[in-house]
Amino acid sequence: MDWQAFWPPIRLSLQVALISSVVALALGTFAAHRLSRRAFRGRSLAETAFMLPLVLPPTVVGFVLLVLLGRRSGAGRFIEWLTGAPIVFSWWAAVIASVVVAFPLVYQTMKNGFASVDREAEEAARVAGAGELQVFRYITLPLAGHAFLTAFVLAFARGLGEFGATLMIAGNIPGRTQTVPTAIYVAVDAGHTGMAWAWTAAIVGISFLLLLFTGRAKK
Numbered sequence: 002m003d004w005q006a007f008w009p010p011i012r013l014s015l016q017v018a019l020i021s022s023v024v025a026l027a028l029g030t031f032a033a034h035r036l037s038r039r040a041f042r043g044r045s046l047a048e049t050a051f052m053l054p055l056v057l058p059p060t061v062v063g064f065v066l067l068v069l070l071g072r073r074s075g076a077g078r079f080i081e082w083l084t085g086a087p088i089v090f091s092w093w094a095a096v097i098a099s100v101v102v103a104f105p106l107v108y109q110t111m112k113n114g115f116a117s118v119d120r121e122a123e124e125a126a127r128v129a130g131a132g133e134l135q136v137f138r139y140i141t142l143p144l145a146g147h148a149f150l151t152a153f154v155l156a157f158a159r160g161l162g163e164f165g166a167t168l169m170i171a172g173n174i175p176g177r178t179q180t181v182p183t184a185i186y187v188a189v190d191a192g193h194t195g196m197a198w199a200w201t202a203a204i205v206g207i208s209f210l211l212l213l214f215t216g217r218a219k220k
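FYI, in the numbering used here the residues of the sequence shown are 2 to 220.
Don't take every hint at face value.
[As the list claims (entries may be wrong)] With beta-carbon atoms standing in for the labels, derived distance ranges: (1) GLU124 to PRO9: 47 to 53 Å; (2) LEU83 to ALA40: 35 to 41 Å; (3) SER117 to LEU55: 20 to 26 Å; (4) GLY195 to ARG12: 15 to 21 Å; (5) PRO143 to GLY195: 45 to 51 Å; (6) ARG72 to PHE7: 30 to 36 Å; (7) TRP4 to TYR139: 44 to 50 Å; (8) PHE64 to ARG39: 30 to 36 Å; (9) PRO58 to LEU212: 22 to 28 Å; (10) PHE209 to ARG39: 38 to 44 Å; (11) VAL205 to ARG120: 39 to 45 Å; (12) ALA40 to SER117: 16 to 22 Å; (13) ASP190 to ARG35: 42 to 48 Å.
To be clear, the hints were calculated from the coordinates, so they are not data collected in a lab.
The beta-carbon is built from N, C-alpha and C at its ideal position, and this holds for glycine as well.
Produce the entire structure from the sequences given, and follow the hints as far as they go.
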């Protein structure tokens, strides 16, 4: 087996999954907290929009991102002017795709977690003189800790396994944008079953260890 070809997709997949899960966790937690603590007109529309990437085919998500961030779009041209390189067909594009598809999982998980937090504990902290940021940091987030950990694991796993949207916006460039899912697809298509099995075993092993760590952390 060609070990030089084996490791780059593993490293890139872990890199993309880690960065995208942190970003999705931050955005999803913020959105879930804001929407769970206030009622406003159009809230149901906002929540529907947040959950949309979960039910759309990944290729549709990838196509929309390609249109929004492509070199012909205003956002794409601005990013290229700012960084000196297009965002599409780069590993950062894979991060963006993973963030978009993982966000609904984080949002829904954290929404449920915040719903289980005792409002009286939050109010008692406010009466004692704590600001909103202090209430969130020392009361709300710790009480929703299990949901926070679950949301991170779901986002990481989603980023690790993302295929369709990533292929559309980041492509499949070996050593640059090729993640494990796309590498497996190419290996199977080319008849390289041994490499496909090796990458599959690596992903299964990583996922198993992640779930094992999460299960122990919850005890």
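Item checked: PHE209 versus ARG39 beta-carbon gap, inside 38 to 44 Å or not -> holds (40 Å)
Notebook entry, point to check: At the C-beta level, are PRO58 and LEU212 separated by a distance inside 22 to 28 Å?
Noted result: holds (26 Å)
Item checked: Cβ distance range 42 to 48 Å for ASP190 and ARG35, holds or violated -> Taking Cβ atoms as reference, ASP190 and ARG35 lie about 44 Å apart, which means the hint holds.
Check: Does the hinted range 15 to 21 Å hold for GLY195 and ARG12 at CB?
Finding: Roughly 20 Å apart at Cβ, these two residues keep to the hinted range, so it holds.
Item checked: Distance restraint hint 39 to 45 Å, applied to the beta-carbon atoms of VAL205 and ARG120 -> Check passed, 42 Å falls within 39 to 45 Å.
Next item on the list: For the range 44 to 50 Å, tell me whether the beta carbons of TRP4 and TYR139 fit it or not.
Entry: This hint holds: roughly 48 Å between Cβ atoms.
Next item on the list: Check the following: the C-beta atoms of GLU124 and PRO9 are separated by a distance inside 47 to 53 Å.
Entry: Hint holds: Cβ distance 52 Å, inside 47 to 53 Å.
Margin query: Taking 30 to 36 Å as the stated bounds, is the beta-carbon spacing between PHE64 and ARG39 within them?
Written below: Distance hint for PHE64, ARG39 holds at roughly 33 Å.
Checklist line | Whether the CB-CB distance between LEU83 and ALA40 falls inside 35 to 41 Å | finding: 38 Å Cβ-Cβ, so the 35 to 41 Å window holds.
Note to self: Quick check on a hinted range of 45 to 51 Å for PRO143 and GLY195, using CB atoms only.
What the structure shows: holds (47 Å)
Checklist line | Range hint 16 to 22 Å (beta carbons of ALA40 and SER117) holds or violated | finding: holds (18 Å)
Item checked: Verdict for ARG72, PHE7 (Cβ pair) under range 30 to 36 Å -> holds (32 Å)
The earlier numbered hints are all upheld by this structure, with none contradicted.
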